[in-house]
Amino acid sequence: MKGGFKQSLPSILVIAVVVGIWWAVVIATKSAIFPTPGAVVTGTLELARDGTLWEHIGASLMRVGLGFGLAVALAIPLGLWMGWVHGAFVTLNPLFQILRPISPIAWIPIAILWFGVGNASPIFLIFIASVFPMIVQTTSGVHTIEKRFLRAAENFGVSRQKLFLKVVFPATLPQIIVGMRIGLGVAWLVVVAAEMIALRSGLGYLIIDSRNAGNRYDLVIAGMIIIGLIGLMLDGIMRLLESMKIVRWRYAH
Amino acid sequence: MRTKVAIQNVRKTFEKGKERLEVISDLNFDVRDGEFVAIVGPSGCGKTTLMNIMAGFLAPDSGAVLVDGKPRIKPNSKGILITQQGSVFPWLTVKQNLLFGLPDELPNREALADEYAALVGLKGFENNYPHELSGGMLKRAEIARALVVKPEILYMDEPFSALDALMSLRMQNELLRILAIEKHTVMLITHDVEEAIHLADRILVLSQRPARIQASFDVPFTHPRRVSSPEAQALRVAILKELGVTEAV
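Chains as they are written, first to last, in this note's numbering: chain A, 1 to 253; chain B, 254 to 502.
The hints are simulated quantities; they were obtained by calculation from the structure and are not laboratory data. Source: prediction; values computed, not measured. There may be inaccurate statements among the hints.
Each computed DSS-like pair below joins lysine-lysine, with the alpha-carbon atoms no more than 30 Å apart [stated by the list, open to error]:
no., chain 1, residue 1, chain 2, residue 2
1, A, Lys147, B, Lys348
2, B, Lys271, B, Lys327
3, B, Lys269, A, Lys147
4, B, Lys494, A, Lys147
5, B, Lys331, B, Lys403
6, B, Lys331, B, Lys348
7, B, Lys323, A, Lys162
8, B, Lys403, B, Lys376
9, A, Lys162, B, Lys403
10, B, Lys323, A, Lys147
11, B, Lys327, B, Lys269
12, B, Lys271, B, Lys348
13, A, Lys147, A, Lys245
14, A, Lys162, B, Lys269
15, B, Lys376, B, Lys331
16, B, Lys494, A, Lys245
17, B, Lys327, A, Lys147
18, B, Lys327, A, Lys162
19, A, Lys162, B, Lys376
20, B, Lys327, B, Lys436
21, B, Lys348, B, Lys376
22, B, Lys436, B, Lys376
23, B, Lys331, B, Lys436
24, A, Lys147, B, Lys331
25, A, Lys6, A, Lys30
26, A, Lys162, B, Lys271
27, B, Lys376, A, Lys245
28, A, Lys147, B, Lys271
29, B, Lys403, B, Lys436
30, B, Lys436, B, Lys348
Pair ranges (Cβ atoms, derived) [claimed, not checked]:
no., chain 1, residue 1, chain 2, residue 2, range
31, A, Ile246, B, Ala317, 37 to 45 Å
32, B, Arg430, A, Ile246, 27 to 35 Å
33, A, Lys162, B, Asp454, 29 to 37 Å
34, B, Arg362, A, Gln7, 44 to 52 Å
Glycine included, every Cβ here is placed at the ideal spot set by N, Cα and C.
Using the sequences and the hints given, assemble the complete structure.
Encoded structure:
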């Protein structure tokens with residue numbers, strides 16, 4: 001990481017400038033409701049100290065973990081199957097292409113109808129949000145395996161199992177990881193939206209509840225920033241997957 | 254020596270919409286067991302199509318490819334195809350690539366993979382991924398992966414064309430060294446006449462599309478060969494003449 005600090009210096013500067021302008025504007029306008037960055041930090045510390053912050057973060061992460069995990073468990077095998085078996089692709093792809101552009105937010109009424117206002121609703125919404133991009137990426141990953149590799153496998157006359165484990169799956173893995181990265185990103189967007197509608201925990205709930213219970217905009221903004229930071233962290237974890245040696249070949253050029 | 258591969262009345266036509274493109278027209282030749290046959294011809298004459306048919310990836314419209322007297326319909330590990338592009342799996346290490354074609358139940362497969370990695374000069378690179386190797390090393394890995402399954406025939410389609418001239422020459426010598434240890438039947442497609450003279454026992458010249466055998470040259474020189482020798486140069490001129498190229502010697 002030589003020059004890492006130098007490289008991130010401009011971005012740190014931009015953030016500092018934004019925070020500075022924010023602070024100046026709030027003081028200049030003498031706003032009674034909109035908090036200063038200082039107030040946001042104080043509010044965050046308050047939440048951290050009484051433990052509610054961790055509960056909200058934990059609740060949101062748990063929902064994302066379950067919804068996203070279920071989506072991965074379905075999307076990867078299904079995507080591989082659709083990529084490999086032409087009949088499965090032509091049968092299922094049109095349906096998924098119709099479902100895919102529907103915003104997960106549009107599913108909220110149906111989620112509440114089917115699953116009520118418990119944990120199942122946001123988990124379902126996260127599942128819906130992340131499953132389609134992962135299916136699409138996995139399928140296209142199989143479709144774009146270079147013919148020369150499939151031919152080589154055919155030449156050596158290996159079993160179907162070996163063909164799948166040593167060629168099809170690893171060849172598709174980089175695309176699967178891209179799909180997971182997109183899927184997790186969408187999942188994190190959706191969990192917050194879903195928690196704003198119902199429930200009594202989670203970062204989305206924290207934001208809406210802070211506003212409703214006495215215009216605590218310091219906590220609203222604290223919630224937003226924490227969501228952003230955790231989103232960044234989740235993306236960082238997915239990036240770690242991209243740096244695995246087994247997939248370097250695909251991202252190297 | 255007995256006949257290993259027989260190409261009998263092979264024809265192939267591709268249809269593109271209304272257009273019919275006759276690529277190979279009534280091709281016949283035999284390859285003896287352990288023989289190294291190079292096939293040269295003008296570009297676009299159907300050499301690669303011929304290779305794909307011989308290796309079993311493509312079915313001829315009529316005629317047959319016989320290996321040991323039996324028709325070859327599908328590819329199998331008795332004959333491995335090596336192409337210009339290469340097909341070493343980039344997601345497997347060199348060792349894993351070598352193990353790929355070996356049956357899981359083979360008891361000494363690990364040792365075999367190491368042995369062939371060493372044979373092609375990749376000792377110490379077994380655990381490297383292909384993107385960590387140079388172009389020449391990648392070719393070595395590909396050759397080792399082909400040889401480790403003990404194929405009877407190697408089909409090489411412009412195997413060294415993507416390499417620079419020096420590396421190509423080095424790999425040709427390397428191939429000869431390996432073939433001296435393991436006697437294979439080899440069919441090499443190349444546009445490089447000197448490469449053909451350097452390597453082959455016999456050189457077939459294909460005609461323009463549709464491909465027929467236009468001429469056949471035996472290469473009587475013993476290894477190691479000097480392509481710059483007068484005899485070799487005379488052969489080169491004769492082959493180039495068949496290919497429609499005349500040049501001042």
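Could you tell me which of the hints above the structure violates, numbers in ascending order?
-> Violated hints: 4, 12, 14, 16, 25, 26; rest satisfied.
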